[in-house]
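Same order as they appear, the protein sequences are chains A and B.
Residue 2 is where the first sequence starts when you use our numbering, and the numbers rise one by one after that.
Residue 2 is where the second sequence starts when you use our numbering, and the numbers rise one by one after that.
Quick caveat, the hints were computed from the structure, so don't treat them as lab data.
Hints are not guaranteed to be accurate.
[To be verified] Listed next, the in silico EDC-like pairs over lysine to aspartate or glutamate satisfying Cα-Cα at most 16 Å (straight line):
#1 A:48 to B:46
#2 A:139 to B:32
#3 A:48 to B:155
#4 B:48 to A:153
[Claimed, not checked] Computed beta-carbon distance windows for the label pairs:
#5 A:275 to B:192: 18 to 28 Å
#6 A:275 to B:105: 50 to 60 Å
#7 A:117 to B:189: 50 to 60 Å
On a predicted model such as this, the values are computed, not experimentally measured, just so you know.
Virtual Cβ for every residue (Gly too), placed ideally from N, Cα, C.
Residue strings, one per chain:
There are 2 protein chains.
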Amino acid sequence: MLENTDRTELSTLGEFGLIKHLTQFVEIKNESTLKGIGDDAAVIDYKGKQMVVSTDMLVEGVHFDLAYMPLKHLGYKAISVNVSDIYAMNAMPKQVTISLAISSRFSVEAMEELYAGMMLACAKHKVDIVGGDTTSSKSGLVISITAIGEADADKIVYRSTAKEGDLLCVTGDLGAAYVGLQLLEREKQIFLESPGVQPDLEGNDYIIERQLKPEARKDIPVLLEKLEVKPTAMIDVSDGLASEILHLCTDSDTGCNLYEEKIPIDPSAYNTAREFNLDPTVCALNGGEDYELLFTIDQADFPKIKANPDITVIGHMTNKKDGVNLITKGGTQHPLTAQGWDALLKKPE
Amino acid sequence: MLENTDRTELSTLGEFGLIKHLTQFVEIKNESTLKGIGDDAAVIDYKGKQMVVSTDMLVEGVHFDLAYMPLKHLGYKAISVNVSDIYAMNAMPKQVTISLAISSRFSVEAMEELYAGMMLACAKHKVDIVGGDTTSSKSGLVISITAIGEADADKIVYRSTAKEGDLLCVTGDLGAAYVGLQLLEREKQIFLESPGVQPDLEGNDYIIERQLKPEARKDIPVLLEKLEVKPTAMIDVSDGLASEILHLCTDSDTGCNLYEEKIPIDPSAYNTAREFNLDPTVCALNGGEDYELLFTIDQADFPKIKANPDITVIGHMTNKKDGVNLITKGGTQHPLTAQGWDALLKKPE
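One chain only, chain A, in its complex shape (with noise of 0.2 Å):
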């Protein structure tokens, strides 16, 4: 789905040369960034604030297909990763660094889209572009990105702190990515078989949204701040709920009751789920790239998040003896595991 109709050859512009043009209308948004591109190091000065660093890397083939994958999706998706992850610490992304590897099979005008997507996503949460690197790469694209974020101290929410009798919730929906996933996989196959066939993803908006455009939680810091709520513990869902609460679990040193009829799925999701014989419930704990946050918080606070649509009680947190387990809707216990995926043979962190 490579545009080729105004083809410029990477080499045209040499590294810096392209640097400068995927960069130039770059703008600084935030005070805490004193320099940005354009020297051996960006400054940053958060005046008495903790910073907060997440990295991710997301390889062509591996965490994307571009043949389903527009470019400009893909640019908006690894900033929303990345920063879903600063959230995740109750903090707020304010710069990223971007590194690329790209094979002469991209153009200049490819690269541009990407940027592009990167740009939109780093404006929607007012993060700066403060630096990276641009180089050739052997065969696919490799992107590489680097968030940092600010927190006050007292702010910042760990994983590995929620206590036996928390409350486990989490926001939005889950298990949408993962069924958006399998129907463009389906659709890339029809296609592949019938070239001539157009994709039939009608109806279908919001789980290929979820997919290809993940949105990062950034208003769920601030809504909690707004509810006076700190959350215990918390990590974003970026593995599957599955794998996100056994973390949790590892870390917090508890063990967990999650209730199956408690965790939300859009009807859309689930539809389209039982459309290909796959289990809704297990699309959810093990589909993953839902980017949403999962978190505990204290039992007493439940009066003030229980009448926010947006957040979900899905179970609570108990002793570490009494393991981690899903309570189904028939009521039967079985200890939760983490089947998902292996990244180092499919998907990404």
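For this one, chain A is given, so just place chain B on it according to the hints.
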């Protein structure tokens, strides 16, 4: 040169297992590192200092060739290259994040070697590994590192602040890493043609080490502070002297006169360049990968640095309208151009 004697497949560990395995001996050395690996993001507190951030990406087949680059050296070099950018800001590196895309042709043991080299360099520079991402690659190895450092606000030195009349100084010597690369390339070719022949690298330890195990100039910011010299501008020599001088001049809006006879070149680099029918000056100007520091100082500071064997004055900054020139040993003047290379075709930033 990958050792396959004890080969553990990456798939036996999985992503989380591999990260855990590789980072199990990572110890936090800096007070500013409040939380390292193991959460959505690392947490850093610079308590009033400013932070500097730099990032580099190294791609197999583009920036390194595992036929002659042992993985441990590669790991060491990857860290050196990044912290060099931090020193070039007159700052001290404190944290790094490390992202790796690895193809299944690498074993766990191979990745241990790579990590051992990284940890050695991190120990040398007292830098904490605070995060990263590990994923699979369809072809070669990709390493993306982000380095974070700190400095007092009044200590940070930019590229853009050199003034007309300032002296241009460089640390150590130049061109050896490039000459070392030529030697390694030649021995690789001989090995490919006659696998029985052992590489003839004797007497070339210095230039080989400059290529395989470059040392970032940790000592220079410390030395400059001791000498009570604050450079007016600074950059590290990664792309070759010519390219870096042009960066300084462009960003500072000055010209420059560089004196060929002053350029420090190690005798072994000089002699080996001659053997290869290469002009040693051209190797210094365009070779790159020296990771020395290039800086300008006020003329009044000359007495403070003149006795130091590690710093050479190689020219002075002029008015922009006088251009950027090389004054040859013969006394003729040539405009300086960065021929070097194009990172999108061949070499690292």
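Legend entry - Those earlier numbered hints the structure runs against, lowest number first: 2, 5, 6 and 7
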